[in-house]
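Make the full structure from the sequences, and use the hints.
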Amino acid sequence: MVSHEHAATLQFLGAADTVTGSRFLIQNGPTRLLVDCGLFQGYKVLRERNRAPFPVPASTIDAVVLTHAHLDHSGYVPALVRDGFSGPVYATPGTADLARIMLPDSGRLAEEEARRAARRGYSRHARPQPLYTAADAERSLDRFVPVDFDCPLAVGDGIRFTLIPAGHILGAAGVRVEVGGRSVRFTGDLGRRDDPVMLPPRPLEHTDVLVAESTYGDRLHPAIDPEDELADIVLRVLRRGGVVLIPAFAVGRTETVLYHLSRLVDAGRIPAVPVFLNSPMAIDAASIYQRYPGEHRVDAQRLRRMYELATLVREVDESKLLNLRGGPMIIVSASGMLTGGRILHHVAAYGPDRRNAIVLTGYQAGGTRGAALLSGTRSLRIFGEDVPIRAEIVSIDGMSAHADADDLFEWIAAVDSSPDIVYPVHGERDAADALRARIKRRLGWAVRVPEHLERVTL
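Just so we're aligned: the sequence shown equals residues 1 to 458 in my numbering.
Keep in mind the hints are simulated off the structure, nothing from the lab.
No residue lacks a Cβ here, since even glycine has one placed at the ideal position from N, Cα and C.
Don't take each hint at face value.
[Said to hold, decoys possible] Restraint-style ranges between C-beta atoms, simulated for each label pair:
hint, residue 1, residue 2, range
1, Thr-377, Ala-413, 34 to 40 Å
2, Gly-29, Arg-378, 54 to 60 Å
3, Pro-271, Arg-441, 46 to 52 Å
4, Arg-119, Val-45, 24 to 30 Å
5, Arg-381, Pro-146, 36 to 42 Å
6, Leu-453, Pro-388, 37 to 43 Å
7, Val-45, Pro-388, 24 to 30 Å
8, Arg-127, Ala-223, 47 to 53 Å
9, Tyr-292, Pro-222, 28 to 34 Å
10, Pro-146, Ala-413, 32 to 38 Å
11, Thr-457, Ser-379, 45 to 51 Å
12, Cys-151, Ala-52, 33 to 39 Å
13, Arg-239, Asp-420, 56 to 62 Å
14, Arg-51, Ser-379, 22 to 28 Å
Given below as structure tokens:
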């Protein structure tokens, strides 16, 4: 019989009562492995967790393993390294390559926001400070160690992990952890079976404990083809001489948007109007997708066409000029939930005009500007000022890179033998509880939504 005093444990340091801040700590004796190291986003009460001391001293963590490069899974790494973490950050080669552009960009944006808040006086702090700097992010990149899919790796005393393809975005993985004779499977963000860009996730193998994302646990993606929806809104806005603003995550969603736009133009379904990709990070990510043809469905010709379609905007002055240009045109820019980045300048410029449209192309976490627009808000606080939003607001849920409720449940239910327990995480409370109830009622398995900072014995 295993003594619980010395048994391996799992602690939910994030993503346990919200859809962001993915952080899970596995401990076996003195060895600590952190699965994901993400930023909390959305509501202020959640964002403030990023500023709180990490629940365990950073120096006591032996290793970090990342499921993928999105900031709600990787964006806290620079702060952890700055605060004393000196171990390896394991990730697939694709995730490591993406992190090299995403983390420094995150630091730069944080610095810019702090400077702007100080200049305009809209922070409650006399000298607002970024969560971390671009230099912090650059230093953290030295900790990254690429690990291929399906290559088990030992960490410290009795912990071993394996990365398993998850679809979703380039490099995305689920993580299988073996510890103390038990297996724990983290889904990371699970991709879709029918995603036009990414391959489907690998089927679930037997595991003792399943930690499953539940982002879309309470909803289905619409049956309508997102390409048809995109064509309709683009044609409608262009007829009135307007601007189509498409907030899109620089990695993952941008590729999907450009894929659909290029197909629509090539098929003659929308006119070849100016398209601007205003995201240096997304431009850099394009070459990374070319580097890993085995991880996605897009052939080299289509990938080339996607980026030929758009004028690539890198410089700040070029970005500013777009706000003076007017329609008809399409601007694709980050961030996808309107939490920061160049898209906010475009929303401030074009949001007040009824001829224009803001097209939301994926999940909008509670507390973000994107979620506020979906709820009917028609004024956004941007850079300390209230901006009236008269532009048409359209949501195309079918472009999400997440498995929906049916995809999630069917992927879980197809496993050969049931896990001892399932923990739905990485979802708003309604979504996580909906997945819990469905697993319990349909499969009869043990399932429970964990609480923030809860520790369980494995």
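Here's how the hints hold up against the structure:
Thr-377 and Ala-413 have their C-beta atoms about 38 Å apart, which keeps the hinted 34 to 40 Å range intact. Under the hint 54 to 60 Å, the C-beta atoms of Gly-29 and Arg-378, about 55 Å apart, fit the expected range. Taking the beta carbon of each, Pro-271 and Arg-441 are about 50 Å apart, inside 46 to 52 Å as hinted. Between Arg-119 and Val-45 the beta carbons are some 26 Å apart, a value that agrees with the proposed interval 24 to 30 Å.
Range check, Arg-381 to Pro-146: Cβ separation about 40 Å, and the 36 to 42 Å hint holds. At roughly 40 Å, the beta carbons of Leu-453 and Pro-388 sit within the given window of 37 to 43 Å. Distance hint check: the CB atoms of Val-45 and Pro-388 are about 27 Å apart, consistent with the given range 24 to 30 Å. For Arg-127 and Ala-223, the hinted distance range of 47 to 53 Å is satisfied, since their beta carbons lie about 52 Å from each other.
Checked against the hint of 28 to 34 Å, the C-beta distance between Tyr-292 and Pro-222 comes to roughly 30 Å, which is consistent with it. At about 33 Å, the beta-carbon gap between Pro-146 and Ala-413 stays in the expected band of 32 to 38 Å. For the hinted restraint 45 to 51 Å between Thr-457 and Ser-379, the CB-CB distance of approximately 48 Å keeps it satisfied. Taking 33 to 39 Å as the suggested C-beta distance range, the pair Cys-151 and Ala-52 conforms, at roughly 35 Å.
Between Arg-239 and Asp-420 the C-beta distance comes to about 57 Å, which sits within the given range of 56 to 62 Å. A hinted range of 22 to 28 Å for the beta carbons of Arg-51 and Ser-379 is consistent with their spacing of about 27 Å.
Checked against the numbered hints above, the structure violates none of them.
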